[in-house]
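Q: Here our numbering is used: the first residue of the sequence shown is 41, the next is one more, and so on.
No wet-lab data here; the hints were simulated from the structure.
Hints may contain errors.
Restraint-style ranges between C-beta atoms, simulated for each label pair [what the hints assert, rightly or not]: (1) Thr67 to Phe87: 18 to 24 Å; (2) Met41 to Ser103: 16 to 22 Å; (3) Phe100 to Arg42: 20 to 26 Å; (4) Phe100 to Pro62: 27 to 33 Å; (5) Gln53 to Arg96: 28 to 34 Å; (6) Phe100 to Gly51: 26 to 32 Å; (7) Leu95 to Leu47: 21 to 27 Å; (8) Arg92 to Arg42: 15 to 21 Å; (9) Met41 to Pro61: 30 to 36 Å; (10) Pro62 to Pro107: 15 to 21 Å; (11) Pro107 to Gln53: 29 to 35 Å; (12) His105 to Ile46: 21 to 27 Å; (13) Ser58 to Pro99: 30 to 36 Å; (14) Pro62 to Ile84: 27 to 33 Å.
Note that this is a predicted model, so its numbers are computed, not measured.
Using N, Cα and C, we set each Cβ at its ideal position, and we do this for glycine too.
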Amino acid sequence: MRKIVILLIRGYQLLISSWLPPSCRFTPSCSQYAIIAFSKYGIIKGFSLTIRRILRCNPFGGSGHDPVP
């Protein structure tokens with residue numbers, strides 16, 4: 041299941057994100073953060089970390105280097 045989720049994120053990076061201007065406020069990008077989180081922690085915790093990261097990605101949520109814990 042983990043590999044399927046990572047494959048879907050990679051598909052998003054190649055097919056959708058590559059056509060959009062870069063707009064992520066953090067490094068690594070939110071999609072790369074998700075890949076790292078799912079690889080390191082699995083589906084449940086990876087999903088939780090990814091959702092929290094996406095919710096922080098707004099004008100009031102800060103910016104800069106935000107690695108996966």
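Q: Could you tell me which of the numbered hints above are not met by this structure, giving the numbers in increasing order?
A: The structure breaks hints 2, 3, 4, 5, 11 and 13; every other hint is satisfied.
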